[in-house]
Structure formats: structure tokens, C-alpha cells
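Asker: Modelling step: build the complete structure from the supplied sequences, incorporating the hints.
For reference, the chains in residue letters:
Number of protein chains: 4
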Amino acid sequence: RIKLRKHIVSPYDPHYRLWEMFLMVLVLYSAWICPFEFAFLHYLPSTMFLVDNIVNSFFAIDIALTFFVAFVDPKSYLLVDEPKRIAVRYLSTWFIFDACSTFPFQTISFFFNRHGNSLGFKLLSMLRLWRLHRVGSLFARLEKDIRFNYFWTRCAKLFSVTLFAVHFSGCFYYMIADRYPDPKRTWIGAVIPNFREDNLWIRYVTAIYWSITTLTTTGYGDLHAENTREMLFDIFYMFFNLGLTAYLIGNMTNLVVHGTSRTKTFRDTFQAASEFASRNKLPRHVEEQMLSHICLKFKTEELKQQETIEGLPKAIRSSIAECLFYPIVEKVYLFQGASFNLIFQLATEMQADYFPPKEDVILQNEALTDLYIIVSGAVEMRAYVDGVEKVQGRLIAGEVFGEIGVLCHVPQPFTIRTTELAQILRLQSAVFFNIIRESRQEATIVMRNLFQVNPIIDQHCLTK
Amino acid sequence: RIKLRKHIVSPYDPHYRLWEMFLMVLVLYSAWICPFEFAFLHYLPSTMFLVDNIVNSFFAIDIALTFFVAFVDPKSYLLVDEPKRIAVRYLSTWFIFDACSTFPFQTISFFFNRHGNSLGFKLLSMLRLWRLHRVGSLFARLEKDIRFNYFWTRCAKLFSVTLFAVHFSGCFYYMIADRYPDPKRTWIGAVIPNFREDNLWIRYVTAIYWSITTLTTTGYGDLHAENTREMLFDIFYMFFNLGLTAYLIGNMTNLVVHGTSRTKTFRDTFQAASEFASRNKLPRHVEEQMLSHICLKFKTEELKQQETIEGLPKAIRSSIAECLFYPIVEKVYLFQGASFNLIFQLATEMQADYFPPKEDVILQNEALTDLYIIVSGAVEMRAYVDGVEKVQGRLIAGEVFGEIGVLCHVPQPFTIRTTELAQILRLQSAVFFNIIRESRQEATIVMRNLFQVNPIIDQHCLTK
Amino acid sequence: RIKLRKHIVSPYDPHYRLWEMFLMVLVLYSAWICPFEFAFLHYLPSTMFLVDNIVNSFFAIDIALTFFVAFVDPKSYLLVDEPKRIAVRYLSTWFIFDACSTFPFQTISFFFNRHGNSLGFKLLSMLRLWRLHRVGSLFARLEKDIRFNYFWTRCAKLFSVTLFAVHFSGCFYYMIADRYPDPKRTWIGAVIPNFREDNLWIRYVTAIYWSITTLTTTGYGDLHAENTREMLFDIFYMFFNLGLTAYLIGNMTNLVVHGTSRTKTFRDTFQAASEFASRNKLPRHVEEQMLSHICLKFKTEELKQQETIEGLPKAIRSSIAECLFYPIVEKVYLFQGASFNLIFQLATEMQADYFPPKEDVILQNEALTDLYIIVSGAVEMRAYVDGVEKVQGRLIAGEVFGEIGVLCHVPQPFTIRTTELAQILRLQSAVFFNIIRESRQEATIVMRNLFQVNPIIDQHCLTK
Amino acid sequence: RIKLRKHIVSPYDPHYRLWEMFLMVLVLYSAWICPFEFAFLHYLPSTMFLVDNIVNSFFAIDIALTFFVAFVDPKSYLLVDEPKRIAVRYLSTWFIFDACSTFPFQTISFFFNRHGNSLGFKLLSMLRLWRLHRVGSLFARLEKDIRFNYFWTRCAKLFSVTLFAVHFSGCFYYMIADRYPDPKRTWIGAVIPNFREDNLWIRYVTAIYWSITTLTTTGYGDLHAENTREMLFDIFYMFFNLGLTAYLIGNMTNLVVHGTSRTKTFRDTFQAASEFASRNKLPRHVEEQMLSHICLKFKTEELKQQETIEGLPKAIRSSIAECLFYPIVEKVYLFQGASFNLIFQLATEMQADYFPPKEDVILQNEALTDLYIIVSGAVEMRAYVDGVEKVQGRLIAGEVFGEIGVLCHVPQPFTIRTTELAQILRLQSAVFFNIIRESRQEATIVMRNLFQVNPIIDQHCLTK
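Chains as they are written, first to last, in the numbering used here: chain A, 1 to 464; chain B, 1001 to 1464; chain C, 2001 to 2464; chain D, 3001 to 3464.
Do not rely on the hints blindly, as some may be mistaken.
Cross-link-like lysine-lysine pairs, in silico, BS3-like; alpha carbons within 30 Å at most [said to hold, decoys possible]:
| hint | chain 1 | residue 1 | chain 2 | residue 2 |
| --- | --- | --- | --- | --- |
| 1 | B | Lys1157 | A | Lys157 |
| 2 | C | Lys2304 | B | Lys1304 |
| 3 | D | Lys3084 | B | Lys1281 |
| 4 | A | Lys281 | C | Lys2084 |
| 5 | A | Lys304 | B | Lys1281 |
| 6 | B | Lys1297 | C | Lys2331 |
| 7 | B | Lys1390 | C | Lys2144 |
| 8 | B | Lys1281 | B | Lys1299 |
| 9 | A | Lys314 | B | Lys1314 |
| 10 | B | Lys1281 | C | Lys2304 |
| 11 | D | Lys3297 | C | Lys2304 |
| 12 | D | Lys3314 | C | Lys2304 |
| 13 | A | Lys3 | D | Lys3390 |
| 14 | B | Lys1314 | B | Lys1297 |
| 15 | A | Lys297 | D | Lys3314 |
| 16 | B | Lys1299 | A | Lys264 |
| 17 | C | Lys2314 | B | Lys1281 |
| 18 | C | Lys2144 | B | Lys1264 |
| 19 | D | Lys3358 | A | Lys6 |
| 20 | A | Lys144 | D | Lys3314 |
| 21 | D | Lys3314 | B | Lys1281 |
Read the hints as simulated data drawn from the structure, not as lab findings.
It should be emphasised that the depicted structure is a prediction, and the values quoted were computed from it without experimental measurement.
Answerer: Here it is as C-alpha cells:
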């Protein structure tokens, strides 16, 4: 949406994102092929050599492209599209690493050594692993993206790290054995005497098998270090594994704690309410109202959302309230003929609650502090007549209750109980009076509406 | 309680629940027998074949039944009993899986192959494991049911998963060995040369032994992979184990943290109070009052319950207060003759506190902001007379104190101290005045009651 | 302190506690000897037999004694000393277990079998392990006792459980080998062919070595199951270990999280303040004041204590404030001659804060909302005179500042800065006016004190 | 900065810190060499002997130096520089340990035994490991230092502990084998028959290899205990490892939980807002405003900083507000000519908020409760004219809005929307009136400024 200079690409551009995803595939290929070539292939086959160079050239293109991609300034949070600043930033940070990891050392090695098998050049070609930092950035972005499940994103990240560690150290361990002078005194040679002549697949699987056996600390012992070099590598690998395993467990614990926190909070709240009811021997219907209210709160995740909304600035909250409640408040008989201004202000002060079926909203004789408007669902009015509770009427969506109590200061004549799941708006009477007090004209309209619909209470209210 | 259409069963129906529990037993049987048949039984004995078909038919019945079971709409949280909507929902979600997992592939395989031993049909019969999703749903429901202990429900779930993983991979690993061309080069053949002729029990126990040895990462190494196929399976199994172990530990940590949080909060609060007392050299009796108050709060779990109650809507809180406090407030001498309305409103505004024995409720000379009514227990009135604190009287359940201070604005003449565990209602004086101010008549009754019982203070109070 | 009926002992009685601790030692002895006798001793030596019976008799005494120990009612939290209720409670709960675990099965077995080596009686004597529940109760009590470090109490508990598990299963595993028909085909016989003739010490250490190797999942494999019986036990043991290890790690995580939470909160707060300062380029002295204030808050653990105090009921808070602040407020020149009542009320409303050296308490020209009294430490008064900040005076413990601003509504003439660590009481001016307004007489005394000490401001203040 | 007595060094002195760091290097050397000498060197080479004595002498110097280093009193948090108190404290705490760990036992052993190989003196020289407590203190200090990353500090600590445990037990285990009478029946002798004649490097690596294999519970089994002594050591080591591994995992979990908490809170908040929007079908622009507001809050870490600032005492908060807002408020046209005093008081009451681009700050027709001043960024004024929203003007940094609404009580004529990232000060109108009400003169200046700039509203406002 934001317009940038010519020839400068936004990092949020969908085409650029696609290019990044394509590079990611190449990164994964590099991550797998680098250690494998290093350990198992004495002479690089020409097809592989070709593929390696093609992959390299894509990364070279990306280096050039980076000079034309805007970046977000970490202080002002604004996109910078000035070519000079982009270049300075890239050259002073990651350019040198990117360049080294793309430089075709293997091709050059052919000029020195026909087989490209010198250890030095092989090590230099391991620089290609620097590309893996891109995977790290990708996961950091995915974790913040709520379209992806946090648990699985995190698991995928951990699995990738583990897989790479297993593959890399399997290959490296094989290389140690491969280059050891006495093949019999190596971890693999002790079990497969002529391992160098064996099938590549068997050697690779055996190396990975050893690697995972060590990483998971299973350690069957059928394959184990036979000489000092192998022991040293093993020592380092096991230290690394200790850290990695702890990290895996730590992450899993974190995810489990996060994932079960809602259920636990629900259980605790429910249990507290239930214990309170049983300890105080509350009547069955009160206990049921309590528990079904708590259940509803958790099912609708109302608590978390309410908290989030309350943290927003006032203008946004007003916008939300206007969208949600203006159409409802406008149709209420009390406010027929009132100005847009009044209804807007009332709407922005409304609070919405959900009530499960059969819950009391107001009790008979309660002192009223709020005015209620039904958004959806229905309620019934009940009153004790000669000691027996009887249904006196029924209100549906769009109707209002509590208005007589609030406007005429009389105690509530009916118990209001929901008959189905109901969403009800609530407006504090103090706030209501503050708003209608502003203009005498508006107040007259509201009172006239009230008396027209409830002619009986006219006298009673006026005397007050 | 909710009435449904004819022939439609509620998912909460006790008979349906019983049927579900019965199916659960069959699911567990399937979970055990499927991998076992797959790996160990070349020729299915006819009794087993019969049992399998009976079990299958029960699941077929359940598929038919599901078309008559109402479901809860995930948006409106209401039960849907319309047959058409039930059918659409089932057919578009799980029907195809349920049908496949119930289809008698094994019986059909007999038409093609007399022994029912073809690998293809065996794999198809593994579809029966789909039924395990029912166990998942069961545990999800149990976790939210506070009648069951969360710790043990969760442990049972984890144990079931682990047991199944061990059983399944033990069987699978045996099958790999069983079908390997060279029996000597298999994990079991290397230890028991003629294992195929051996006792079924020995083979099964050995497979499970290997499986659990690997899963727990003990890895004695007496049984280990001997060929590439086994290594590959082992690699996958160990990766899975890494995840499973981390998940087990994560869950256990979660449960431990949850289970010890109360003790830790108690210790922290107690320690903070204790350190505060010792650093400020508070007198011994004040420190004791602090500490015993904190102990009581935690023993009665008051804090959590209070928080829960405060989160409920006003009508429910009023109902609770009416149930708990109306009978007590009604009998207080101050409110004899007052209207139901007044007492109801007072009762709904009361707050209940527990006080441990020997704790001060009010201090002599303190400015009073509350009126107190004793629900249970007893308190004594103490006052300094000539520098010596003396007991001046004793109040028991149903009596009120602080009323003179609040109504006549005089400082508190006595220190009130509990003699035993006491529950005391508290009413803020501001709230009290707001309520009795509403009606002049009621106020007169309350004041008359006060003067009748305390004739001496009459003069003093009136002059104010 | 609480008086009980004759012959009834309180569970908090120090002598009873001592007796309980003595029994605990015997429990530990039983826990060790039971599995050991079971596995290793074919014929019980007579000294051991004697010791066993003496230990048993102590537990028999304890059973009798329990009928005379009062208990805490779980509902009313009161001690019950009625002999009948004590007996009913004990007989209906744990009596039967205690009795069985004390019954001398071993002695009786001699009548049937001269060597006391029958498996049945051996199993019956394992009932003595029931006594271990006492260790559980002990640890539950220690965890709530703040005199003991939570970390070490919890570690000791986990270590005990682990030690017992290792010992028990080591012994059990040895017994399986010992009773196996073919000694060569047992886990120990495969390594030490004539193990039954070997030294008891070697056999015991080997069993424990196997047990711990398996529990920690090290699994060297030098000792491993050789027959189905051993495999079955191993399977159960490894399942148990999986749970135990997860439980150990879960507990340790819990302790680590708890132990480092203070440091982490400190770091987060400090970092937030530090980042805020650097992002807004605040002057160096303001940043230092912020950071040293945060450091002090954490060092003195003020936050936690303040929160705890605020959760206490009003009477206790008043008692604390009286103890702490009355002697200080009494000596302030402003309140010389004021009544006990006034000073008491002021003292109970005071709030104490710590200020690190060189922190500003009030700034010049700030609108004053509080009155301050120095409890300890010293402050200096600084003011800008001709653009240069100069020290104008120095106040020490017992002196008051801000009183002129509050009483005469003039802006603060000096910046007040601490010169050393200072504790300062703060009283909100609104609260102060509410209290002195109650009595005209008291107000006059306070104002007279003010004018006597600060004659210059007299005129200025009166005109307001 | 703080002046101390002559010859007394502050513990915060940079030179002293340097000396401490230098000693730390020697401590690490000691930690490595002690177990190594103990296990592998029968005869100490003379160069090593010399180095050991030089290292020892440095620690002797440090003991002497400690008598001249001030310390922080744990109660008053003040530096104590009195030589006598320093000496008493040191002599009564750690002096004896420091002295023992520095005493040259090895040198003395030469008088008794020419080779310095007696076990007794070797054990005594292990006392040097006491020096390791310095590493503990160093890490405790680093953890509280926010210049160092908590994660890596903690990891470094755990790695050091693990490394030392591996090294120490590797050496100790070798020593057991070395001193065992029958070299063939030792863990190393079973694999390398003539190990005592072998290369020192091979023996050391093998010992470390065994140690790490056991600690990580890999337990290949190629090296394992062969006699009771080794088994006993192994038992103890494995118990220790169980605790250490649990501790490592616990710490890692703690760090992971801490490290991911921000991302998780962000995700939860974002998701709650997003679900709320989609459930209530809010218009797209309102949803975007909500989400971008939440993103900004988290990016700027505003929440945590705001909380921290609010916990500071009032004087510091005033200092901060003065630094940040005085220069801005001073330049606002409304307050031209007002006194320093008024502007200072207004500045200290301002609250700063960040608004992302395109967010509404006030809505048209909203009742105004705040006055706004733009610090950076820009906003545009939009109003509905004939049902179409049109941009009416643009305000930039230093300008004020909402002042007419607040001062003249008219509803807000424009919607104010940010065009770029904006920082805006907010002042509650109630607070504003309280401050300008204090002086009639100031109020007149403010109103005159208002009318001069907005001549049209003059009439309208005065009539109110």
C-alpha cells in the first residue's frame, strides 16, 4: 500500500515473499547436501557439480537483489527506501557472510586439484551452511503469525534443528572413520570390516543410526568410538546433545504449559465456585446459575477478549461500540426521535454481556443501577404473586428493561430470567443521566417516549 | 432436561454415555489386537476371527446410531436435533473414516487368499486404529470434569499413549525381523537363532522389552538393529521417542507446577509477613495475628473463591447473598420491624470474612467505617481501664457491633477480639446510609431500635 | 497453649513430636531392611530377628498411643479431644493398615516353617512398608514450614523416593535371579557364574548398580535381562522410571523457576527502565535515580511485603502502624500537645517508603499532595538561587517537611534530596485534613505549633 | 565516587575488579589441574610444581588484600570501611577456608615423601577446589548485570558446572582403576590391557569419554565398571547425574519460558482481538486499527516500560516528565506567556502515547475528556460533509488539538486520524482545570491565547 521509490521493492511484496520461499527450498537442499558431499563423496559427480553451481547462482542473484529491497528502520518503525542507506546497511552487516557463502570455492578448487577432494576446499564449501540463518528468520516470522498454530510451528523448528544435527554429525563421524589410517580401528570398521567398499546407502544409514542413537542417549553400544579422534568428536557431540535435549524438553514444557493453561484456569474457577456452593449449602438453582455462567464465560473466551478491548485507546473503543451497538440502540422505543449525537454517545458507553439460559439478570426488589437492552435471545419476567413465582411476560431482542426503575427510582418489580442464550447490553444509570442531562430537549423526548408506552406509571413517576 | 424430537437421543443421555463407555472397551481391545495380529499371527485362529467380527458389528451399529444423536452447535452452543442437519454434519466430517475403519477387510480377504495373510489386507485392517480418536475425545472430556483429579486423568492419558506406542512399535519391529530373508541377521535372530519356532509369549515379551528399552533410552544393547531396514525403523522410532519423552516431561512439569503453586504462594506470603515482622521488630502478638490470619486464608481457600464470586454478574451475587445472609440480618435487633425490601438490600451488600481465634476485629479509638454482624463464633470486648486492658463483655452469633460508632459518629469504645474461629459480616457505613436514606420510615425504625437497646447513648447521639 | 482433657495429648506437643521423629528413624530402618531381608537373606539371623521385633513393638505402642492424641477437625479447624471421636476416626481410617503392618508375621511363620523362608510370610512382612506413609506426611509438613528451605526439603524428598526405588527394585531383581531354576540364564549369573556362593556385599552392590544404571537410563548393557521373567520386571521398572524421571525433572524445573523468578523480575524491570531512559535520552542523574530506586526496592523485598500487608484486615494493619509509627509521629513538633486519639489516627494512615541516597523526594515548584516525616537517614533542602542549585539546609530523623506547602497551599520552595539511605513516612494531605477537621480544638493546636516554629509564613498563610 | 578511608579499597574499584578477574583465570586453572594431578601424575614434574606455587602465592596475596577491602553491610546497604569490622567479618567467615585452600601442602609433603605421591597429601591439595566458590559469586553477579544476556550467562554457568563434573569424575574414575590391584579387572584395563604404559593423552581422553557417556546417560557399555569399587563410584556418580541433568533441563525450561513469554503474550492478545473482530463482523478498517495498535504496543515494549515508570515515586516521575515534555508544552501557543510554574505542573501531568499510522485519535461527535499535543508525526482532521468524509486540515508536531472542545464544552467537530507514526501527549481535562483554576491570572492568559488564534469561537464559548 505504501508507495516506494522506483526500482525499490518492499519486503512485504508478495512476489518478493515468493522468491524468499523459493530460496528457502534451496537452503534446505544446501543444508542436506553440504555435509553429505563433505563426508561421503570423494569425487563430485558432474550432475551434482552442475546443480551446486545453479543453486549458488540463485543466491548470487539474491545478493544483488538485496540492494533494491527496502528495510524497516528499527527505531522509527518506518520503511527506508533510500538506495544509499540500504546499501550501507547491507554492506556493513551481512553482505560479507552472504558473499563468502556464495563464492564457488569448489569450482576454483578444480584449477588446483583435479578431483576437488582437498580438505581445505571442502571446508570452505561448508561456508554454504551460513545460508541456514534464513531458516531461523523464517521461523521467527512464522511464530508471530497467528495464521499458523504456535505449537506446530515451534515443533517444526525443533524438528528441523534436530534433523540437521543428526545428519551433520552422522556425516562428520563417518568422515573421521573414512580418513582414519587403520579402518579396523574405527567405529564402523569394527562392525563392517570392509565398509569402504560397501553400498553408499548402507554406510549413510549406519552413520545416521549411530548419530540418532547417541543424540537420544539410547546408546545401544553396537557402534561405538574405537580411537581417540572418535572419542573426542563423541565428547563434543554428547555435550551438544545435552544442551539440545534440554532445549527440546524446555520448549515442549513451555508449549504444554501454554496449551493447558485455559483448561486449568477453567477447572480452578469451576472448582472454587463449586466448593463455595457446597460449603455454604447454596440452593441447587443458584449453584447451577453460577456454574453455567462460568462455563459460558470460558466457552466464549469472553474474559481474554474483554481485557484486550479495554487496553485499546478510547477512539478505537468508540468505533467498535458504534459498529456493534448503534443499530440496536437506535431502534429502542425510548430513544425514538433522539438526535444522532445522543444515540452515538449512549452506544459508546454500552457494555455487552452473554447470559446462559435460565440465568437471573435482575432479581425482584433489587435496587437498580443499570438499564438493559436485549440484543439477541429472550427473557421472561417473573414475579412472586401470593408467594408463588409466576411468569408475567416475555421480552425479545430489541426490547429494553429496567428503564422504569432507573428513570423513576422504583425498586425492580420483576425478576428477569433468560430463557435461552441471550446477549444483553448494559448501561450504568449514572452514565445515562450524565449523557441525557447535557440537553434538556433530549431528556424531554426520552421521558415522553417512556410515558407513551407505560401510561400507568406516569403519575407515580412525576410525583417523585 | 431439554426435550428433543422423537427418536433423537441427546449426547448427554446416561444410556448413550453407557453405550459410549462400552465402545471404549472395544476400542481398547482393537488397539491391542490390531498390531498384534498384524505382526505375530500368520493364520488368524477362528475364535479371534469371530471376536473381531462381533466387535466390528458393534461399531457398525454405532455408525447407524450416530444419525440419531443430537449435537451441540459450536456457534450458538445449542443442541441441534434436526435429522437432516445431523446427517449432513456426520457425512461431511467423520463418516467416511468410521465406515472405513469398520469395513470387514479381513473377511473379504478370505475370498482372495485362504489364510488372510496378505500384507495388503493386513494393512487395511490397521484402519481400525482410527477408532482410537474416541479415546482422545474421552480424555478431553474427562480433563474438564472436576469430579476427576486432573493429575491422574492426565497421567492416565500419557500412560495410555506410551503403552500404545510401546506395543505398536514392538509388534512392528518384530514383523520386520519376521519377514527378513536372513533370520540370523535380524535383531532377535542374533540372540535367539531359531526365534520363529519359539514360544509366542517369549517372542512378544522380547519385542516389548526391546521397545521399552529403546523408548526410555536405556538401550542396553543386548538387542539391536542388525540390518538397514531395522536401522531405518529404529531411526524413526527414536525421533518419535524424543518427541514423546519431551512431551511426557513437559506434561509432568506442568502438573507439578500446578500442584505445588498453592504451597509456594502460601510460603512466599507467610515468609514476607514473617520477615516484615522481624525486620520491624513488631510485638509478638501482632506477628501472631498476622501469621494466623494468613494461615486461615489459605486453609479456607478464601482468596480464590472470593475472586470467583466477584467475577459473577450482580443478580447471581445478590441471590447468593440473599441465601447466605438474609436469615441472619433479619434477626438482628436493629432491623426488627423493617421491611423485607430493606433487609434484602442490606443482605445483598454484606461481605463475609473469617477471623482466626484471638484476632482483633476493631481496635479501641479506631475510626469506624463498617458495621459488623457475627454469624458464628464469638468475640469479646476489651478496653483499657487505667492502663490495663480488661474484658468488658462478650458477643455471640447474631449480635451486632460497631453500630453505635457508625450511627452516632463516636470513636470505637472497645477493642473487639475473637475468642474462637468467627465468621463476621461487614457492611460499609456509606452503603448502609445510602440504603436507609431511601425511606424516612425505615430510618426511624432502625434508630428507635438502637435507642431502645442502648438508652444511655440516646442523648449523646441526638445532639450530633 | 490450648488446654485439653486429661490423658489426651496435643499433636503439637513437643514430646509427641520427638516420639514421631524417633519413629521416623525406625521407619527408615524398616524401609531399608524389608526388601533386603526379602531378597538376600534365606535364613534370618537371630540378632536381626530380635531387632525386627523390637522395632515392631515400638510401632505397636504408637498404635495404642494414637487413641490418646487429639486431632484437628478438617471443617472447623478446631482440636478435637473427645476420646470417643478420636477412636472412631482412627478405627475408621488407618487403624487396620497400621495393625497389619505391625503384626509379627515373621514370628508366626516360625511355627509353620523352621527357617522363616516361605515366600508367603515374606510377602506378608512386606506390609511393613505401609509405614512409609509417615515419611510422606512428614515431608508434607516440612514443605509448609518456612524454617526449612523449600528447595532442599523438596530435593530431600525426591532423593528419598529415588533411593527407595533403586534399593527396592535392585533387591527384587536379585530375588528373581536367585529363584530362577537355571542360574546361568539370569542377568547376574551370565556375568558371575557362581553368584550364589559369592560375597553378600558384591551381590548387593551389583544389584544396586544394575538398578541405578536402569533408572538413570544409562543402560551400559553389561548386566541385562536374560529370561522372560526378568524382561517382564524390567518392562515394569522402565515404565515406572519414565514416570519417576519425568516427575524428578518436573520438580526440579518447578524449583528452578521459583528460585530464579526474583532475579528475572528484577532484570526485566531494570531493563525496561534502562531502555526507557536511553530511548528518551533522559539526563544521567534522572536515569541513576530511577535505577538505584529499583535496585533498593528489590534488595529490601519491599514489593512483596507491601502486597502481603495490604491483604490483611484493617485492625491488624492499624496495630502494625501503631507499633511502627506512633513513637515517631508523637515526637513531631506539629503534633505536640495533640490528643492520643489524633496521633493514633494519623499513625495508622502513614505509609513508609525507603529512598536510596541522592534520590529526590520532592522537586522545587511541585504541587504538594503529601506530608513527609523522616524516620531514619537524612535529607538536604536544595533550591535554585540565580540559576544555581544550592544546598539550603539539612533535615534529620524526626523532622517533618512539606507541612507548610500542605497547610498553606503554597508550592514547594525546595527540592528535597536524600543524602543517605532514608526511610520516610508519607501522609496524604486529603487524609490529613479529614482527620484534623473532626475536632476544631486539635486543628488549632496543630496550626499554633506550625506558626511558632515558622513565624515568617504566618502572615502569608492567614491571608489565604 | 564514595570516599573511603586511606588504604581501604572499594569492592567496586575498577582495579580491584581487574584483580578479581585475574584470580578467576587462576581459579579455572586450579579447577582443571587439581583433579588431573591427583589422578594421572604419580610424580609431579618440576615445572608444574613451580606453576602451582606461583598460583598459590597469588591467592595468598589476595587473602592479605581482603583485609583492606570495604564491604557492604547487608542490613543498612552501606559500605563499611572500618579496618576492624572488615577484619572481624573476614576472620569469622571465610578466612579459614581461604587459608586452608592456599596452604602449600604439596611442598610440605616433600619433606615426608620424596615423590609427593602420598594419598593423604594429595587429598589435602584437593582443598584448593574451595576456590571455586569465587566462580559461583561471579556468576551470581553477572546474572544481575543487564549488560550480559541472561540466557547466555546462565548457559555458561551450567556448562562450566557440567564440564567440571565430567572432568572431575573422569579423573577420579581413572584413579580408582589406576590403584586397583588387578589391572585386568578394571573398567579401562578390560579394554586396553596395558593401559598404565599407554600414552597420557589416550588415558585422559578415554576417562573423559567414559565420564561424558555416563553423564549424558548414553552408556554405550564399551567401558563399564568391572569391580565393586568402580560400581560404588558409578552409583554415586549416576545419582549425581540424575540431579544435574534435571537441574540442566529445569534451567533450560526456565530460560525458554522466559524467552518466549513476550511472543506468546503478543500472539494471545492479537488472536483475542482478531477473534473478537471476526465474531462481531467489525468493519475492516476498525479491525486494522485494533491490530496495528496492538502490534505497535508490543514492538515498542510500551506496556512493560509504562508499568515500571508507574511504580516509581512521584518526584522521579516528575523529573522524567519535566525532561521529556517541558520543552514541548512550553512552545504550545495556548501557554505562551504563562509562568514557568504552570507549564511545569502541566508537563508533569502529561501522558505520552504512540499511535500507528491511520489510527483514529478522536472521533467526530465524541465527548472530549482530554487535551492533546503532538510531539512527533502528523495527524489530519477529517469531517463528514454531506455524508462524505473529507480531510479538513493537517496538524504537525508542536500543535494542539481538542483544546476548543475541552475549554468551551462543545462536541468534537473533527475526527483526528494519524497519517504516520505519531507520539501524542494527553492531558485529562479535569486535571487541566484543577491546575489553571489555582490562579486567575494564568487562566486569563490561556483563554486570551485561545481567542486570539480562534477568533470565531469567541462568542460561542463566552455564552456558555
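Asker: Indicate, hint by hint, whether the structure satisfies it.
Answerer: Do the hints match the structure? See the list:
1. Lys1157(B) <-> Lys157(A): Within the cut-off at roughly 26 Å; holds.
2. Lys2304(C) <-> Lys1304(B): holds, 19 Å
3. Lys3084(D) <-> Lys1281(B): Between Lys3084(D) and Lys1281(B) the Cα gap is close to 28 Å, so the pair holds against 30 Å.
4. Lys281(A) <-> Lys2084(C): Within the cut-off at roughly 28 Å; holds.
5. Lys304(A) <-> Lys1281(B): Given pair Lys304(A), Lys1281(B) is violated - Cα atoms ~44 Å apart, limit 30 Å.
6. Lys1297(B) <-> Lys2331(C): Violated: Lys1297(B) and Lys2331(C) sit about 37 Å apart, past 30 Å.
7. Lys1390(B) <-> Lys2144(C): Distance of about 36 Å is beyond 30 Å: violated.
8. Lys1281(B) <-> Lys1299(B): holds, 27 Å
9. Lys314(A) <-> Lys1314(B): Distance ~26 Å between Lys314(A) and Lys1314(B) Cα, so the pair holds.
10. Lys1281(B) <-> Lys2304(C): Measuring from Cα to Cα gives roughly 18 Å; hence the hint holds.
11. Lys3297(D) <-> Lys2304(C): holds, 28 Å
12. Lys3314(D) <-> Lys2304(C): holds, 20 Å
13. Lys3(A) <-> Lys3390(D): With a Cα-Cα distance of about 22 Å, the restraint between Lys3(A) and Lys3390(D) holds, given a limit of 30 Å.
14. Lys1314(B) <-> Lys1297(B): holds, 25 Å
15. Lys297(A) <-> Lys3314(D): violated, 39 Å
16. Lys1299(B) <-> Lys264(A): Distance ~21 Å between Lys1299(B) and Lys264(A) Cα, so the pair holds.
17. Lys2314(C) <-> Lys1281(B): holds, 20 Å
18. Lys2144(C) <-> Lys1264(B): holds, 8 Å
19. Lys3358(D) <-> Lys6(A): Holds - the C-alpha atoms of Lys6(A) and Lys3358(D) are around 24 Å apart, at most 30 Å.
20. Lys144(A) <-> Lys3314(D): violated, 37 Å
21. Lys3314(D) <-> Lys1281(B): holds, 29 Å
Hint violations for this structure: numbers 5, 6, 7, 15, 20, all remaining hints satisfied.
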